[in-house]
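Protein chains in written order, with our numbering: chain A, 1329 to 1613; chain B, 1091 to 1493.
It is worth saying that the hints were derived from the structure and are not from the lab. Predicted model only: the values in this text are computed from it and were never measured. A portion of the hints provided could be inaccurate.
[Claimed, not checked] Below, a sample of chain A positions facing chain B; criterion: calculated Cβ distance under 8 Å:
id, residue
1, P1432
2, G1435
3, A1437
4, Y1445
5, W1491
6, E1514
7, V1516
8, Y1517
9, R1539
10, W1546
11, Q1575
12, S1591
Just so you know, even glycine gets a beta-carbon here, dropped at the ideal spot from N, CA and C.
Each chain is listed here by its residues.
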Amino acid sequence: MRAPPSPPITGLLITALLATAGPPAHAAAAHHPEAAGPLLRFSAENLYGRIDGGAELFLEFGFRELVIQEYRSGAVKLELETYVMESPLAALGIYLAKCGHETPVDGLAARNTGSRYQILALKGDRYLQVNNFAGDAALLPDMTALLNAAVAGVPEAREPDIWRLLPAADQVAGSRRLFRGPYALEPVYTFGEGDVLQLGGRIFGALADYRDGSGRSWTRLVIPYADAESARSAFRHLREHLDSYLQVVREGPDLLAFRDYRSEYGQVVREDSLLQLDIHLQALP
Amino acid sequence: MNGRGYESMHERFRVNRRDFLKVGTAVGAGILLGTPDAWAQEQESKSPAKPATNLKDHLDVPRTAHSLPGPFPGRVVEIHDPRSVVEGQPDGAVIGTMFGQGLQALTGREPTESFQLLFTPDDVVGIKVNPVGGGLISTRLELVDAIVTWLTANGLPRRKIVIWDRFDYMLQDAGFTTERYPEIGIAGLQTMDEAAMEEGATDDSRWLDARGKHVSEGRFDREMSYWVDVEAPQDRNYLNQHVFNGKDSYFGKLITRRLTKIINMPVFKNTGNGISIATKNLGYGAICNTGRLHQRLGFEVNTEVSAFPCIRDKWVLTVVDGLVAQYEGGPMPNAQFTYDWQRLYLATDPFALDMVCQQQIVAKRKAMGIDVNEHPRYTDYLHYGEKLGLGIADAGRIEHVTV
C-alpha cells in the first residue's frame, strides 16, 4: 500500500489553496475561513499532550506528525487537524476506528463522514478532522473547503491487500476494521492482557462482521504474520496467556476453541503464517 | 462491529488543552511512548499482576452508622421527566421537583426526615461535582441548587456546604463560582498551570514554589495516602498535573479534615467500554497522583479509594445528573454523542448505582451501533466493592426503582 510522497503541510499552502478555490459553494457561508494563530505541530513524543488518553491508538497504528491550524470564519472558530500517519494503511486504520457508520458530506474530494460538528476524512497517509466548535450548520461549506485544500495533492491509496483475507460472502457492509495492537482491539474483544497476539505495533490485522443463517452476527479477525514461525509463536503465546474468562473447550497444535463469559464461542486457527480468530459464534464450529 | 459512531473529539467541543491534560488516561505510559519499538517494549513489559497497595491497612477501621452502602444497600432510584431538559436547556423548577420525588422514593421519607437520616446541622457537607466539559456534560447548576435548597431548608448553614472537585479552575469553567453560590465554599483540591505545559514554556512560577514544590502540596494530607506500588513519571508536566510523583496518592485535606459528609454528584457518561459515574467521580477525584494508576489498576482505584474510611464513612448520598448524558467518547465531552436523557438517579449504594448505569449505557451504545466489549473486566470492580462490603453489584439483588 505504498503511495507517492505527500506534500508537506504548511499553513501558507492551505491558505493559498483556499484563496484560489473561490468562494464556498453554498451561499450560506458568508465568510472565507482565514488562518488564525500559529501552525501547531506535535510529534510522537508529545502527542499525548494534545490528545491525552487518545494518543496510544495513533501510536499503535503508526503516527508521524499532527499539524493543527485554527481558522476563523466570521466570529466562529474552526480547527483543522491533519494526522500524517506512517502509511496509507495506518491512516485507514485510524479512520475506520473513528468513523463508525459513514455519513459522507457532499463536495469533499476524499473519503469522509461528518456532521455540522465535525468531519473526518481520509486520503493517502492523511487522516484529517475539521472541528466546528459552535456546531453551526452554515459552516459546513467552510469545513469542506478546508478539507479539500488540505488533501489537495495527497495521492490516493489503493485498496489494501489485507481485505482479501476476509471472505466477502455474508460480510456485513461497513464492518471492516484494522488493528495493530491492543488499543484498537479493546472495543472489539479481550483475548488477554497487553499485546497477547504479538502484533508489536508492526503487524496489521483486519476484521469484519458476518451474518450467520439465523441473522446473528459473528466476527472474523485475520492476522498475516511475517512467516509461519511468527504465527506459531503468536498462537502459543495466546494459548499460554489466554484471558482467564475464556474457557478452552477444544485444542490442537494449531487450533484453539473457547467459550466466553457470554456463553458464546470462539475459535483460533493457525494456517501457515496466518492466524484466523472467529468470535461471537453461537455454537462450536 | 457495525457503525462505531465516530469518536474522539477528545479533542474539542468546549474543551481546551488543559482539559485534555487533566482528565486523561494512561498518562504515564503516554509519556514513554514515541516509536513503534518503544510502544512494543511497553506492551511486552506489562504485567497482569495487580500491584500491591496499602488498602488492607485501612480495612480494619470500625464502620460507622453512615458507612457505605448506607441505609439502602442495593436500592437505586431512577426518575425521569421529559420536561427537565429540552435540547440541552435545563428547567430548574422541574429538576427540583424531580430531586424531591427521587429522594422520597429512595428513603420512603419526607425531605426533612431524609435529611435527618443522613445529616445533622452540625455536619460540613461536601458536594462533589463533575465539572469536566463545563456546560455541556458537567453537573448542572440547577441540580446543585436543588440539593443546596434541601440542605439549607433543614438547618444546614450555607457556610457548612462546600462544592468541590479535584481541579480548581474547572469549577470556575463549569460555573461553580462564589458569585453564583454566595457563602458556600468552592474548593479545588489542587491547581494546575496549563500554560506551563506548552512546548517551550519555561515559567513554572504559577505551580512551583520557591522550594521547587508544587504549590498545592499543602492541600493534600500526608497522613492519609493510597499507596500503590506503581512508579509515576518523573517529568515536570506530570508533577504540574498530579502534584506528587511518588508511590503515594494523598487524599485531599478537605476530605480528611474538614468535611464530615459527602454528596457525590457525577454525570451519566461512558469511559471507553466502562462508565465514569459514581465510584469514578470520587475514586479518581479524591486523591492526587492518579495518572500512574490508570493502566495498572484502572477501575479498581474506584473501589479501593471508596473503601478508605475517609470516603467510606462520609459518602452518604449519590445523585447522578443524567439530564444530559453521553454514551461514547467519554470521559471527555463529545457533543455528537450527548443526548437529552432527562433522568436523575439517587442511591446511598454507589456500587448498585454504577451497575444499573453500566447496563443502561451498554444498552444505549448497542442501540446506537457502537462497538461494545462486554468483558467482565469492565464491571469486576463493582463486584470487588461488594466483596469489601461497600455495596451490592449482583444485578439480581439490586432493587431498581423507576419513578
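field: Violations among the numbered hints
entry: The structure breaks hints 1, 2, 3, 5, 9, 10, 11, 12; every other hint is satisfied.
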